[in-house]
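Based on the provided sequences and hints, a complete structural model is requested.
Be aware that the sequence shown starts at 1419, since it is given in the numbering used here, and climbs by one per residue.
These aren't lab readings, by the way, just hints derived from the structure by calculation.
It should be emphasised that the depicted structure is a prediction, and the values quoted were computed from it without experimental measurement.
For every residue, glycine included, the Cβ atom is placed at its ideal position computed from N, Cα and C.
Incorrect hints may appear among the rest.
The following label-pair restraints were derived from C-beta to C-beta distances [as the list claims (entries may be wrong)]:
1) L1836 with G1963: 32 to 42 Å
2) L1913 with E1966: 19 to 29 Å
3) V1918 with L1856: 45 to 55 Å
4) G1975 with N1815: 37 to 47 Å
5) L1913 with L1836: 38 to 48 Å
6) E1460 with P1885: 47 to 57 Å
7) A1806 with T1471: 43 to 53 Å
8) E1797 with E1861: 19 to 29 Å
9) Y1965 with G1865: 48 to 58 Å
10) G1678 with L1803: 41 to 51 Å
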Amino acid sequence: MKYHTYYVPSNVRRREIYHRDWIDFNKNGVMDPYEDPKRPIEERVEDLLSRMTLEEKIAQLRSTFCPSGCKAGNLSCVLRNLSPKEGAIKANELQREAIEETRLGIPVIIHDECLHGCVAKFSTSFPQAIALAATWDPDLVYRVAKAIAKETRARGIRQCLSPVVNVIRDVRAGRTEESFGEDPYLMSVMAYVYCKAFREEGIIATPKHFVANFIGDGGRDSHEIHLSERYLREICFPGFKAAIKAGALSVMAAYNSIDGIPCSCNKWLLTEVLRWEWGFEGFVVSDYNSVSGIVYKHHVTDRPEVAAKMALEAGLEVELPEISIYGEPLIRAVREGLVSEEVLDEAVRRVLRVKFLIGLFDNPYVDPEKAEEICSSREHVELALEAARKAIVLLKNENNILPLDKNKIKSIAVIGPLSDELRLGGYSGIPRSVVTPLEGIKEKLTGTNITIRHARGCPPDMDIYLPLASIYLIPPNGKPGEHGLMVEYFDNPDLAGKPVIKRVESLPWPGGFRYEWGYYSPDPRLPSDGFSVRWTGRLVPPESGLYELCLITSGGGARVWL
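This is the structure:
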């Protein structure tokens, strides 16, 4: 249904709250100041803030993968596996829950990755950021960003965790494809047009990772950084400053630390530079679990309540992607007086302000039929092709072998494990249709006498090994029905001395026995690096036979004793 200025789905349950020009979010039958679209945003924010309980305030600083119950003001990646129409319907249902089934009816922000297209089913996939930068065409990148923003909003996603504004100058950096490259000026130009397009479409751009995320030793991601302020200001800051100038309404704090201070609790970065110097009017989000990293990676404190205080007072408003430090630890921090109500209110104020700025209170729903029309439209697919063509860079053409002459070629060999697959890169959606290199070559040579020979070549990955399900594992002296392994954690790399932690563990990962600690410690009592683990138990297969076991490790060593 169309209500003057906003769309309302036909399946809403509290129809009486949807008036012609406003929504009765708190269901009291009166247009309160925060519900009045004609009032100034600051007045609406203050009125709503004055009505909120402590728990309601903290909910606005939380995010979750599990939207049921609306205990968070932000939802993480909840529409990825849905088509545009399905996603829009789901987004409307999530907004309906937030609006109709909570006391104050505050709409939620749904976020996802939108680096070179929305990470969702049947999105248009544009060239990666490094390729877009290679076009040297800001107008083209602006049009690409507009298309991404339109497809994103059509689904009901209102915050994009993009663009990546980290200058990358080390070829060993593993996420170079996500960046606009090594030059601060080019980075600034591309970041500006990208964020400008998003702001114009009512999407919260989130330039990341603030700051210096990919320049650790050896190009390592998220490690400790020791750089001069001059280097930060001349090389690392310009892209972010341009993004803020263009209207980005969020910024993502990086995992790494700067001179020993984690970016997620660095007041100089998140408040003094971002807000006082650049005039940033939005809210800061954590990189996924980076607030927990204050405790488990950087070991600045061993108390989650103190980590909550440090992050919030530094200027980090929203913890992604799920409720952790900004859950019970933050509630305790406020009640114990570690965090003042004034600091909490300012953080909530910044989040609410953005929700009003992007029109979430005035037009919270989306039209599913329009979503299906906009996503992967012919116009957007043609734009993606234009961008791909302009991104091509010819590095060498020895003896002028290019362009190939069909009249001189008798056969073409297409070799490689990805020759008949399409890899779109990190943070990619699922296009409606794709053309693999082999398919494209065959189509191009249709009607000719050229023979095409294809071989997969060497596989890029080892055969797939499934994690070992704990049902087949029995710890030493295990009780009947007890499954898993005895796990001993040592605070040194040599399994020396007594274990700091000793316990039976099962199913640490859905579907099998698998550990991915990344940069973090598995427990506050252990260092984030330089610890060792011993697993002990018996393997009881479902039936006798020949089995192949594989042990995959990263960044360390492992031994198996049978």
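Verification of the hints:
{"no.": "1", "hint": "L1836 with G1963: 32 to 42 Å", "result": "holds (34 Å)"}
{"no.": "2", "hint": "L1913 with E1966: 19 to 29 Å", "result": "holds (26 Å)"}
{"no.": "3", "hint": "V1918 with L1856: 45 to 55 Å", "result": "holds (53 Å)"}
{"no.": "4", "hint": "G1975 with N1815: 37 to 47 Å", "result": "holds (46 Å)"}
{"no.": "5", "hint": "L1913 with L1836: 38 to 48 Å", "result": "holds (41 Å)"}
{"no.": "6", "hint": "E1460 with P1885: 47 to 57 Å", "result": "holds (52 Å)"}
{"no.": "7", "hint": "A1806 with T1471: 43 to 53 Å", "result": "holds (51 Å)"}
{"no.": "8", "hint": "E1797 with E1861: 19 to 29 Å", "result": "holds (22 Å)"}
{"no.": "9", "hint": "Y1965 with G1865: 48 to 58 Å", "result": "holds (52 Å)"}
{"no.": "10", "hint": "G1678 with L1803: 41 to 51 Å", "result": "holds (48 Å)"}
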